[in-house]
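Enquirer: Please put together the full structure from these sequences, using the hints given.
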Amino acid sequence: MNNKLRKLKPFNIAVGILIIISICIQFIQPLRNQSDVVPATHIERVYTVPQNVKTILAQSCYDCHSNNTRYPWYSRIQPGAWYMAEHIKKGKEELNFSEFGEYSARRQRNKFRAMAGQVKDGEMPLSSYTLIHRNAVLSPEDKQVLIAWFSTMEDSIK
1 MNNKLRKLKP
11 FNIAVGILII
21 ISICIQFIQP
31 LRNQSDVVPA
41 THIERVYTVP
51 QNVKTILAQS
61 CYDCHSNNTR
71 YPWYSRIQPG
81 AWYMAEHIKK
91 GKEELNFSEF
101 GEYSARRQRN
111 KFRAMAGQVK
121 DGEMPLSSYT
131 LIHRNAVLSP
141 EDKQVLIAWF
151 STMEDSIK
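Each residue of the sequence shown is one higher than the one before, counting from 1 in this note's numbering.
Treat the hints with caution; some may be incorrect.
Below, a list of computed lysine to aspartate or glutamate pairs in the EDC-like style, where the Cα atoms sit at most 20 angstroms apart [what the hints assert, rightly or not]:
1. Lys92 / Asp36
2. Lys120 / Asp142
3. Lys89 / Glu123
4. Lys120 / Glu94
5. Lys143 / Glu154
6. Lys120 / Asp155
7. Lys143 / Asp121
8. Lys9 / Asp36
9. Lys89 / Glu99
10. Lys54 / Asp36
11. Lys89 / Asp36
12. Lys120 / Asp36
13. Lys90 / Glu123
14. Lys120 / Glu154
15. Lys158 / Asp36
16. Lys143 / Asp155
17. Lys158 / Glu123
18. Lys92 / Glu102
19. Lys92 / Asp155
20. Lys143 / Asp36
21. Lys54 / Asp142
22. Lys54 / Glu86
23. Lys158 / Glu44
24. Lys54 / Glu44
25. Lys120 / Glu141
26. Lys120 / Glu99
27. Lys120 / Glu102
28. Lys92 / Glu123
For each label pair, taking beta carbons as the anchor points, the in silico distance ranges come out as [as the list claims (entries may be wrong)]:
29. Ala14 / Asn52: 52 to 62 angstroms
30. Ile28 / Ser128: 33 to 43 angstroms
31. Ala14 / Ile77: 46 to 56 angstroms
32. Gly101 / Asp36: 17 to 27 angstroms
33. Asn12 / Arg70: 40 to 50 angstroms
34. Arg76 / Gln144: 34 to 44 angstroms
35. Val37 / Ile13: 31 to 41 angstroms
36. Gly101 / Ile13: 51 to 61 angstroms
37. Lys90 / Ala58: 13 to 23 angstroms
38. Thr55 / Ser151: 10 to 20 angstroms
39. Tyr71 / Ile20: 22 to 32 angstroms
Read the hints as simulated data drawn from the structure, not as lab findings. Note that beta-carbon positions come from the ideal geometry of N, C-alpha and C, so glycine has one too.
Expert: Here it is as structure tokens:
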């Protein structure tokens, strides 16, 4: 009997340490990607964006590709919050609708072309995002609307 207790003790200590670490990391929160200001460089202030396109972009793109993320309830639970913060950071490095007006004309054209291609190929929004955010899944009609608008915008930039 005493032998069984000795074997359990290291296990219990390890579990206790993991629980304490799990609790402690909850107090280390990443900066949140939220802004109440829509900058002059935001795509919606640089271009006339039709309402249906605005709605789709806000629902399926802006959380990872703008300066204003709508955070779900689980966004404060570590280590998931760190993963989410890194994912948003990488998304904004690739494309940031809040800073779209700062891009050169060539870069804007390339971004419109890339967005159309990624939507057409089903690469965006990411499946890891739509798995949890079911309302961000693009319907075939949503895809057509975005692809048409992105293509029109690409062609309009000289």
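Enquirer: Taking the hints in turn, state whether each one holds.
Expert: To see whether the hints hold, each was checked on the structure:
1. Lys92 / Asp36: 17 angstroms, holds
2. Lys120 / Asp142: 10 angstroms, holds
3. Lys89 / Glu123: 18 angstroms, holds
4. Lys120 / Glu94: 18 angstroms, holds
5. Lys143 / Glu154: Given that 20 angstroms is the threshold and the Cα spacing comes to 16 angstroms, the pair holds.
6. Lys120 / Asp155: 17 angstroms, holds
7. Lys143 / Asp121: Roughly 10 angstroms separates the two Cα atoms, so the pair holds.
8. Lys9 / Asp36: 52 angstroms, violated
9. Lys89 / Glu99: 14 angstroms, holds
10. Lys54 / Asp36: 17 angstroms, holds
11. Lys89 / Asp36: 18 angstroms, holds
12. Lys120 / Asp36: 31 angstroms, violated
13. Lys90 / Glu123: 15 angstroms, holds
14. Lys120 / Glu154: 15 angstroms, holds
15. Lys158 / Asp36: 32 angstroms, violated
16. Lys143 / Asp155: 18 angstroms, holds
17. Lys158 / Glu123: The given pair, whose Cα atoms are some 27 angstroms apart, is violated under the 20 angstroms limit.
18. Lys92 / Glu102: 13 angstroms, holds
19. Lys92 / Asp155: 24 angstroms, violated
20. Lys143 / Asp36: Between Lys143 and Asp36 the Cα gap is close to 28 angstroms, so the pair fails against 20 angstroms, i.e. violated.
21. Lys54 / Asp142: 11 angstroms, holds
22. Lys54 / Glu86: Status violated; Cα separation ~25 angstroms.
23. Lys158 / Glu44: 19 angstroms, holds
24. Lys54 / Glu44: Given that 20 angstroms is the threshold and the Cα spacing comes to 8 angstroms, the pair holds.
25. Lys120 / Glu141: 11 angstroms, holds
26. Lys120 / Glu99: At roughly 24 angstroms apart (the allowed maximum being 20 angstroms), Glu99 and Lys120 break the hint.
27. Lys120 / Glu102: With Cα atoms ~26 angstroms apart, Lys120 and Glu102 exceed 20 angstroms; violated.
28. Lys92 / Glu123: Within the cut-off at roughly 16 angstroms; holds.
29. Ala14 / Asn52: 52 to 62 angstroms: 54 angstroms, holds
30. Ile28 / Ser128: 33 to 43 angstroms: For Ser128 against Ile28, whose Cβ atoms are near 23 angstroms apart, the range 33 to 43 angstroms is violated.
31. Ala14 / Ile77: 46 to 56 angstroms: 22 angstroms, violated
32. Gly101 / Asp36: 17 to 27 angstroms: 19 angstroms, holds
33. Asn12 / Arg70: 40 to 50 angstroms: Holds, at about 41 angstroms.
34. Arg76 / Gln144: 34 to 44 angstroms: This hint holds: roughly 37 angstroms between Cβ atoms.
35. Val37 / Ile13: 31 to 41 angstroms: 50 angstroms, violated
36. Gly101 / Ile13: 51 to 61 angstroms: 56 angstroms, holds
37. Lys90 / Ala58: 13 to 23 angstroms: Between Lys90 and Ala58, where Cβ atoms are some 20 angstroms apart, the hint holds.
38. Thr55 / Ser151: 10 to 20 angstroms: 19 angstroms, holds
39. Tyr71 / Ile20: 22 to 32 angstroms: 26 angstroms, holds
Of the numbered hints listed earlier, those contradicted by the structure are 8, 12, 15, 17, 19, 20, 22, 26, 27, 30, 31, 35.
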